Amino acid sequence: MSSSFSIYRVGISFVITCIFYKSTVDSLPELSPQKYFSTLQPGKASLAYFCQADSPSTSVFLEELNKAVRPLQDYGISVAKVNCIKEEMSRYCGKEKDSMKAYLFRGNILLREFPTDTLFDVNAIVAHVLFALLFNEVKYITTLEDLQNIENALKGKENIVFSYVRAIGIPEHRAVMEAAFVYGTIYQFVLTTEIALLESIGSEDIEYAHLYFFHCKLVLDLTQQCRRTLMEQPLTTLNIHLFIKTMKEPLLTEVAEDPQQVSTVHLQLGLPLIFIVSQQATYEADRRTAEWVAWRLLGKAGVLLLLRDSLEMNIPQHANVVFKRAEKGIPLEFLVLHDVESIISHVENNMHMEEIQDEDDDMEDPDSDILDIQDDEVAETVYRDRKRQLPLELTVELTEETFNVTVMASDSLVLFYAGWHAVSMAFLQSYIDVAIKLKGTSAMLLTRVNCADWSGVCAKQNVTEFPVVKMYKEGKNPVSYTGMLGTEDLLKFIQLNRISCPVIITSIQEAEEYLSGELYKDLISYSSVSVLGLFSPTMTTAKEDFTEAGNHLKGYVITGIYSEEDVLILSNNNAATLPALLLARHEEGKIESILLSTHPEITVENLPTYLRLQKPLLILFSDGSMNPQYEKAILTLAKQKYLDMFTPCWLNLKNTPVGRGILQAYFDLVPPLPVLVLVNLHSGGQVYAFPSDQAITELNLISWLKKLEAGLENPISKFSILFNTYVESQNYSVIYGLQNGCCVSRRDNINLVHLHQSSWVTRYTVNEQLYFERKFFFSINVLSSGFCCSALFIRHRQSKLSIILEGPRIFGMVNEYHWLHHVSFQL
1 MSSSFSIYRV GISFVITCIF YKSTVDSLPE LSPQKYFSTL QPGKASLAYF
51 CQADSPSTSV FLEELNKAVR PLQDYGISVA KVNCIKEEMS RYCGKEKDSM
101 KAYLFRGNIL LREFPTDTLF DVNAIVAHVL FALLFNEVKY ITTLEDLQNI
151 ENALKGKENI VFSYVRAIGI PEHRAVMEAA FVYGTIYQFV LTTEIALLES
201 IGSEDIEYAH LYFFHCKLVL DLTQQCRRTL MEQPLTTLNI HLFIKTMKEP
251 LLTEVAEDPQ QVSTVHLQLG LPLIFIVSQQ ATYEADRRTA EWVAWRLLGK
301 AGVLLLLRDS LEMNIPQHAN VVFKRAEKGI PLEFLVLHDV ESIISHVENN
351 MHMEEIQDED DDMEDPDSDI LDIQDDEVAE TVYRDRKRQL PLELTVELTE
401 ETFNVTVMAS DSLVLFYAGW HAVSMAFLQS YIDVAIKLKG TSAMLLTRVN
451 CADWSGVCAK QNVTEFPVVK MYKEGKNPVS YTGMLGTEDL LKFIQLNRIS
501 CPVIITSIQE AEEYLSGELY KDLISYSSVS VLGLFSPTMT TAKEDFTEAG
551 NHLKGYVITG IYSEEDVLIL SNNNAATLPA LLLARHEEGK IESILLSTHP
601 EITVENLPTY LRLQKPLLIL FSDGSMNPQY EKAILTLAKQ KYLDMFTPCW
651 LNLKNTPVGR GILQAYFDLV PPLPVLVLVN LHSGGQVYAF PSDQAITELN
701 LISWLKKLEA GLENPISKFS ILFNTYVESQ NYSVIYGLQN GCCVSRRDNI
751 NLVHLHQSSW VTRYTVNEQL YFERKFFFSI NVLSSGFCCS ALFIRHRQSK
801 LSIILEGPRI FGMVNEYHWL HHVSFQL
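Using full-length UniProt numbering, you'd call the opening residue of the sequence shown number 1 and step up by one each time.
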């Protein structure tokens, strides 16, 4: 099979995988107004042309509209001609001038109307419709400053696909929109029609359409410019897809095998491979050369570093470059090229790229050679699920002039988001859903600030990433919402903030009403557990600590405190020893007592609670129950305030077997037990071990802690995670049930969808990526300490042990969106 035919089949596969809804009827359906509106489905897009009667003036447009039926159906958009008849009149069936417009609906909501003179052919129709729907994924700009602002905002976070087209509605514009439909949730698309902007970034041949890939995700220094790779092929849907596929591949790959046996995506895409031959003595210099060549040939060829010393085959001694063409059966070329420019010239002069026909015909074979484009399918699912018209009028849009006046005049909830940011715009749906549920029932004013327009407002409120929700109340500091980015969790936060926690309980009767749920029965549906702290009047420090914890939990759980003289009556009635917590589980009608421990046992389930304290963990790993002598030494130090800067705790390996995997990650081999370690998760991730040749006594502990404070101890390891675990795809499943979303990260991208009903999502982990049955991505959960998901569990099928995966910034990795992966988990 020829290379060009293989490439063409790849293009067929690409378009097939974009199909969301495939109609078997390609002709333009003709419906009455009543029939048309009865076919509209919530969330589905539809383009309609309302026509009084067939007339010569509309025949050309109808012919082009008929051509657009199939490509628009491929993107889940229905098309119809609506015949206006006297018996069924519609407001869209108006005067003659109204017959010169087409209307775009989502469900039965009108999104946009198009004068037919802008829809001059099938390319213009598809381009305009997709442009209208992709209002989040494609940001239209007109100045160099706009481009620089977007570039600066995305450095270290996301890559950019920037394109210039001469006009809206032309074939190149359609190609960009079709690519944005597939990749819009992975990359930020930016579009311009301003030739001056193209000139300002140094482009040549400005009379033609251009597409650049901005490598901003690699940029950590905000003063550094993002690298730019120009796509040199014509702007067609297939060419853009192939170009982006090469951008996703590794820049440079090291190999130690026969080049004839090496196959990469580049070869499948019809691009050659360049092998830079290296040997041990010149490895570093050869690698630098290979990286430089790789950047120069990005999008044109694949570049590999071939390690001569590890090869079993013989490469001519004089050869330093091997050239492999994409066509099968052509022998390798062994070359002697003395500089980078020679390598570049050889590749560019010998590239044999067949012209690829980008058309829609003959695409009935779904079993064509499909490249790995699962990410694209998932992105499409996310996009289609979250597109719907929002009643934004239910929230108040704030500006620089109105922000302070509004939040000072009334209790306000403010959503800080960015119109160009996909996660922000997706969460906006949940935010509006909350506004709908609270309409007419809450004194809380729901507002929003688009930080893309009012960056000064967001900067003054210390908002540096999106989305962020803050609650403003008169006389109090603003409180950041740190829960799941979903409707029900945000609604719960608002409702539970109606009361000030912890609630001061003043009598036994009031305490019993509190525990039974009667005291706040209107809030029980939002907090199935109420917590009551019991303290004697003299336990000042304990009460202060509980009050601080209650403030942190405000909006998430109802907390109360009872500290009257007769507190012993309540504690005795519930078999609790002071100080204690009473947990009232209202759905089960149970009250549980929990002793407040200074030296708690750490488990997978309670770990997030202690991580929120933002203190280093002083963990004693024990193979069984705690040695009383060790516990006494630690408790004595805690009482004497030596451990105020730490969270002293212990982990029983028999109860929590994952501890062995943790120790193995820290020490390489599991050391003799017990072993005491200090894990500094929140600033650097260092791990320090108490000397194994010393007994765990008060004096030895004090001496060791002083050395730590003075910087005299060296860390044994540096991990920014506690559970550094690899999850076996066959033994573990990812399980979480939530009404409006849960969280997971994929390839450093965090996306959010809104689940409209409660559902359990189960799938297995494969290659550090979580693929879900319904291909959903989920929102990131934000804790007070930063981005973190405390609601995603790995559950072992046999032992039923749930492992909570915690997100990154809880461990001090500020401004990073990486997920905890590569964790060693052993049972």
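Since the hints were made in silico from the structure, they are not lab data. Incorrect hints may appear among the rest.
Claimed, not checked - Derived lysine to any residue pairs resembling SDA-like cross-links, with alpha carbons at most 25 Å apart:
hint, residue 1, residue 2
1, K473, M444
2, K473, N404
3, K590, A580
4, K437, G456
5, K554, T647
Stated by the list, open to error - Cβ-Cβ distance ranges computed for the label pairs, FRET-style:
hint, residue 1, residue 2, range
6, E145, D668, 48 to 56 Å
7, L390, T118, 33 to 41 Å
8, M351, I436, 53 to 61 Å
9, E145, P671, 40 to 48 Å
10, E544, Q629, 43 to 51 Å
The structure displayed is predicted, hence computed values, not measured ones. Idealized CB from N, CA, C, for every residue including glycine.
25 Å limit on alpha-carbon distance, applied to hinted pair K590 and A580 | 16 Å, holds
Kindly confirm whether 53 to 61 Å is satisfied by the beta carbon distance between M351 and I436.
-> 56 Å, holds
25 Å Cα cutoff - pair K473, M444 = Since the Cα atoms of K473 and M444 sit roughly 9 Å apart, the hinted pair holds (cutoff 25 Å).
Q629 and E544 - C-beta distance against the hinted 43 to 51 Å = Roughly 31 Å apart at Cβ, these two residues miss the hinted range, so it is violated.
Distance restraint hint 33 to 41 Å, applied to the beta-carbon atoms of L390 and T118 | For T118 against L390, whose Cβ atoms are near 25 Å apart, the range 33 to 41 Å is violated.
Restraint check for K437 with G456, where alpha carbons must lie at most 25 Å apart | 31 Å, violated
Does the alpha-carbon distance linking K554 and T647 stay inside the 25 Å limit?
-> Distance of about 22 Å is within 25 Å: holds.
D668 and E145 - C-beta distance against the hinted 48 to 56 Å = 52 Å, holds
Restraint check for K473 with N404, where alpha carbons must lie at most 25 Å apart | OK: K473 and N404 at ~12 Å, within 25 Å.
Take the C-beta atom of E145 and the C-beta atom of P671, compute their distance, and say whether it sits inside 40 to 48 Å.
-> This hint is violated: roughly 58 Å between Cβ atoms.
Hints 4, 7, 9 and 10, counting from the list given before, are not met by this structure.
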